[in-house]
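Number of protein chains: 6
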Amino acid sequence: MPRPDGRTADQLRPVTFTRGWAEHAEGSALVEFGRTRVICTASVTEGVPRWRKGSGLGWVTAEYAMLPRSTNTRSDRESVKGKIGGRTHEISRLIGRSLRAVIDEKALGENTVVLDCDVLQADGGTRTAAITGAYVALADAVSWLKERKLVKGEPLRGTVSAVSVGIIAGEPRLDLCYEEDVAAETDMNVVMTGDGRFVEVQGTAEGAPFDRAELDALLELAAGGCTQLGVLQLEALGR
Amino acid sequence: MPRPDGRTADQLRPVTFTRGWAEHAEGSALVEFGRTRVICTASVTEGVPRWRKGSGLGWVTAEYAMLPRSTNTRSDRESVKGKIGGRTHEISRLIGRSLRAVIDEKALGENTVVLDCDVLQADGGTRTAAITGAYVALADAVSWLKERKLVKGEPLRGTVSAVSVGIIAGEPRLDLCYEEDVAAETDMNVVMTGDGRFVEVQGTAEGAPFDRAELDALLELAAGGCTQLGVLQLEALGR
Amino acid sequence: MPRPDGRTADQLRPVTFTRGWAEHAEGSALVEFGRTRVICTASVTEGVPRWRKGSGLGWVTAEYAMLPRSTNTRSDRESVKGKIGGRTHEISRLIGRSLRAVIDEKALGENTVVLDCDVLQADGGTRTAAITGAYVALADAVSWLKERKLVKGEPLRGTVSAVSVGIIAGEPRLDLCYEEDVAAETDMNVVMTGDGRFVEVQGTAEGAPFDRAELDALLELAAGGCTQLGVLQLEALGR
Amino acid sequence: MPRPDGRTADQLRPVTFTRGWAEHAEGSALVEFGRTRVICTASVTEGVPRWRKGSGLGWVTAEYAMLPRSTNTRSDRESVKGKIGGRTHEISRLIGRSLRAVIDEKALGENTVVLDCDVLQADGGTRTAAITGAYVALADAVSWLKERKLVKGEPLRGTVSAVSVGIIAGEPRLDLCYEEDVAAETDMNVVMTGDGRFVEVQGTAEGAPFDRAELDALLELAAGGCTQLGVLQLEALGR
Amino acid sequence: MPRPDGRTADQLRPVTFTRGWAEHAEGSALVEFGRTRVICTASVTEGVPRWRKGSGLGWVTAEYAMLPRSTNTRSDRESVKGKIGGRTHEISRLIGRSLRAVIDEKALGENTVVLDCDVLQADGGTRTAAITGAYVALADAVSWLKERKLVKGEPLRGTVSAVSVGIIAGEPRLDLCYEEDVAAETDMNVVMTGDGRFVEVQGTAEGAPFDRAELDALLELAAGGCTQLGVLQLEALGR
Amino acid sequence: MPRPDGRTADQLRPVTFTRGWAEHAEGSALVEFGRTRVICTASVTEGVPRWRKGSGLGWVTAEYAMLPRSTNTRSDRESVKGKIGGRTHEISRLIGRSLRAVIDEKALGENTVVLDCDVLQADGGTRTAAITGAYVALADAVSWLKERKLVKGEPLRGTVSAVSVGIIAGEPRLDLCYEEDVAAETDMNVVMTGDGRFVEVQGTAEGAPFDRAELDALLELAAGGCTQLGVLQLEALGR
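Protein chains in written order, with UniProt numbering: chain X, 1 to 239; chain A, 1 to 239; chain H, 1 to 239; chain S, 1 to 239; chain V, 1 to 239; chain G, 1 to 239.
Bear in mind the hints are in silico, worked out from the structure with no lab data behind them.
All values reported here derive from a predicted model rather than from experimental measurement.
A hint or two may mislead.
Identical chains share a label here; the pair holds if one copy fits it or two copies do between them.
With a straight-line cut-off of 30 Å between C-alpha atoms, the simulated BS3-like cross-links for lysine-lysine are [as the list claims (entries may be wrong)]: (1) LYS53 to LYS146; (2) LYS106 to LYS149; (3) LYS146 to LYS106; (4) LYS81 to LYS53; (5) LYS146 to LYS81; (6) LYS53 to LYS83; (7) LYS53 to LYS106.
Please model the complete structure; the sequences and the hints are all you need to start from.
What follows is the structure, given as structure tokens:
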């Protein structure tokens, strides 16, 4: 089974960032990984949640959602169902943790940044695209804070990005599209900093369990992908 | 108080429709009224809700929502709050009724079309933009059904569009942006068919009650705006 | 199709107000429009919601609901379902806006009045009966505040009432009962002040869209009905 | 402390039943125990809940609620809060059990009767008034079924009524009003059949625990009250 | 029908208390009535709910729940269903009231004790076992408070315990197991203090209504059971 | 920082399984990892969820929850809050996926097994203890099915267990207790089959991101722990 879009096994889909797509937000980016399209906005508010007040530390959190028809078949809205599903919860928490890994909460001071990642169109890898795009929105929100001298020092410790990898028909592949994601025996999401260290590693055997050699191959592939994404993020930010 | 963007009192904002923006949907349009930006998708499914089964009639319904940071200040997600607010309910119902006004439910047969209108960016007039854009998405979904011979005859009876009007500092104005909407003494949303008849008229005195002459002036202005929107819809659909 | 109760097209049903029906409330009225029966209570509390504190302005809001067996077929309770439906939300908001139109929030001072309108028996026009009856309850609650010198000046700017109108078999009719409401091609609810100005106009094409002449005829009919209702309200209040 | 309304310790408040108050229901009664006022409606539907289908047995259930301003201080609506409180649940279940005690479910056949008991005005004893009034509504609904020959035989086995008793300042009293209810050291609700047997006994020490002699005195008083209520019910039903 | 476990009609099942079963809690007891097994924990926090602040009085409350597979057939979790059922509400309230009957709220001072009673295995009488076990957990929590000198005087006024009784095949029996509970014509839960007074009496006719003689027999039986339970509680507490 | 309980870095806490602890369930085990105590029950029902009907395949799912006072500070019940938190959702999904990895759904046939994992006492590693204990309950439920000839062939493909590992003060450690979990810079949960392959790998940088060497050390440690757990599981099952 060759890749549906003719990529090599270690090749990313075309990745683009459109900064400032949401004009009201302090930072925003429309991120595209091939046909996967996520709008990420960063909303800054003064102050922190009650449990953190007086600590001098800032707070970064995230919420992920999919538009009902971002997928091939329409899904019911979670607002209409009256509750958030497990998958949504899980991904929102992952995005929040990933971004906090590159935030110096002391330098951020008692400010809160909420990252909203809304999937407009889904073709696999929406959570990793969301993390990668949310970083760009966050970087712009931090610049916004710095321009207004609302923070001292540098709240951003570096870049963070994420990519999915998986084994399809025995072959480890980078950045799976939906068709590959469904066919994968093993599926892994890896979040890494720009200097090549791991923030999150989440590997799941969808079919048969995987052995250590397969795990190593996937980690290798992911590390290469995240390095490229880090470069693209910095380019998009004009650095 | 002149108009913030220099328009004349009876001038629409630049209106554009980007068809096919959501590739998975049977019909879709990204509609823009100035800075207001709404993605409208039409999802077709075979069959109708239980209460309509066996009637031979189709069903068209709509759901409206705003992204948390589509507005100047971030709003909490209704999915997180666990319930849909009154305003969201009200607008979803209005969009559904408006589109059903141009649907021949018999010709549609036992098929359902759900229109999802998600506001990506808000600058006033989101409900009227949603109706106007949803019509384009619906028209494409109906074409999709006709191409596949899933309907007999013509389910669409004509076009439908909507516009807001209001009185600001005593002057009746067409297609209010957010700044004007907030300042309006009277605010009216009008939904009309392409042949100049009314589907919905919803006028509200925000400040002092309005008299019959003011009501007449607003209806006149709205009729002009809807006529222009109907032409733009047909152009966008290539007719 | 003649009117089911033999009325002329521009005739109201018998309208009665029983003041003080709910002995615990600061103001209350059982309002009847024919067989439609709504208990309206006005509850006064010192203080205003958080977002209005310190403004010096009062607040008036409303909640509408129907008893499960107020209708021909029993409906499930919204408390049991765990959420409020769109129609309930919409009507509650309409009643609140309508009454605020005749309230001088400055004169009311930082007091809150909640109007509860519970439909005991429904035969069409429940929302318009609710507005009309809630005004009477509100007027009594304002008197209660004035007697206790809890407000300065006059918080009430005048009367407000509402009526439904519609076109049945081509004929514009005033104050529709349920049977007519179901049969109406066009249905309009109009809220007006005692001096003949409009607070809300909500017209909906249930069948074919309506033209300007039909709209004008309905507005005319509604204006006549509201004038009569204003007189009846003042009589009930002994003024 | 004498009784606020001058009654003797074993005297009921004036009790009235207004049958047919809710015109849409198959049976209904507005019941008043002094200032406590509850509208009870009985709604008949063919068929039974899923878990009882095919059993040949009928089903009777009840829902209790209070209007927001039935009490001295306004309560938030349970529909707005999005959930039903423990007290409401408890009372609804009590009413349902009480009425099922006099129903022959076999004779009722696969029909369902839902009793809705909505407290319009509360002055103590709302749950016991609800049971007593619901019986009258139920009896009329059963007559409705019998007239239409929808049941065979007699689904009603006899009457059922309820009353509250309590100890105030050491004195056992019948049918407590709100002021007494609040002051009671011990509070008991007793549900009895017309032939003097017990369906429910619910006694609670609000202050100090009570001894067996006190319990016996309360049971005696309740038995007397229920006997009187049974007579009043039959009178109201014209038997 | 003899008793399934060969007991005499007035005999309790083997009752055991394992104190300190939950090591994190200020007081805890695993209580067993035969195969019925409930873990009761007492959680102490400084302060009281908002509505009680500044009163100088403490607060004791309880929550009851069943593990999904504590019963013969698995039940859905109330957390998954999103709401608490009427039975759970009712029992939680009963446990709270029962324990408050032996608490001197003044001596407790502004401290709160929450009793959590989670049924690990159910074989009838879970609510009465919960009350009986919660008393032991509460007594340990009160000792914990006294050791830390967080209360003055003695917050505990005495013991409280509960037992179920019922009439099976005409015979009054003590402490029903599940099989008997299901077969009972009349079912009663009685909560009593160690000195033989009543806190709660809740009797329900499951089949035919019961007469005064049956009620007296059940009260007698329950009084005997509670006396024994009070002794066992004190033994468990080493007093 | 030495280990609080004096273990070596690669040593498990004492692990015990008490089979049959919940007598009603088809399979059950009380699993203890030191002071962490989880009751795991397996409930078998004939049939599968609607979306799987007719496939011939079985279904295994899991629900995880914590008793309110299983932790050092009492948590509010999710049933009372009316919704399940993100962490609960995430862990329930993880347990379900882990157990499905060793189930042959074809051999299971159209039967459903629900694993309920309720944490009675928490001292770190509750999710890994839950997976490890749930396997034992599942194995007993499968035996129950086989004894009754309700399945053909062998639905269990092998054992599965899980353990937490983490880096504390630079040292990789196996099976963290709560005190260590809080102090860990990196935290990883690893789920493995008895033959040493991976089902899930979830590593999270709590403090600084981790490098590849640290990741390798943790994977090594986890593999050793899971091997031991697999042996203990088989011993407990008497194989």
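Structure-based check of all given hints:
In this homomeric assembly, LYS53 and LYS146 come within 30 Å of each other (Cα to Cα) only inside a single copy, at 21 Å, whereas the closest approach across copies is 33 Å. Taking identical chains as interchangeable, the C-alpha atoms of LYS106 and LYS149 lie at most 30 Å apart only when both belong to the same chain, with a minimum of 15 Å there against 39 Å between chains. In the homo-oligomer, the alpha carbons of LYS146 and LYS106 lie at most 30 Å apart inside one protomer (14 Å), although the nearest pairing across protomers, at 42 Å, exceeds that limit. Proximity of LYS81 to LYS53 under the C-alpha cut-off of 30 Å is restricted to the inter-copy arrangement: shortest distance 23 Å between copies versus 33 Å within a copy.
Taking the closest pair of Cα atoms, LYS146 and LYS81 never come within 30 Å of each other, the shortest separation being 40 Å inside a single copy and 32 Å across copies. Proximity of LYS53 and LYS83 under a CA criterion of 30 Å is satisfied in both settings, with 28 Å inside one chain copy and 26 Å between copies. In this homomeric assembly, LYS53 and LYS106 come within 30 Å of each other (Cα to Cα) only inside a single copy, at 13 Å, whereas the closest approach across copies is 33 Å.
Hint 5 from the list above is the single one not met by this structure.
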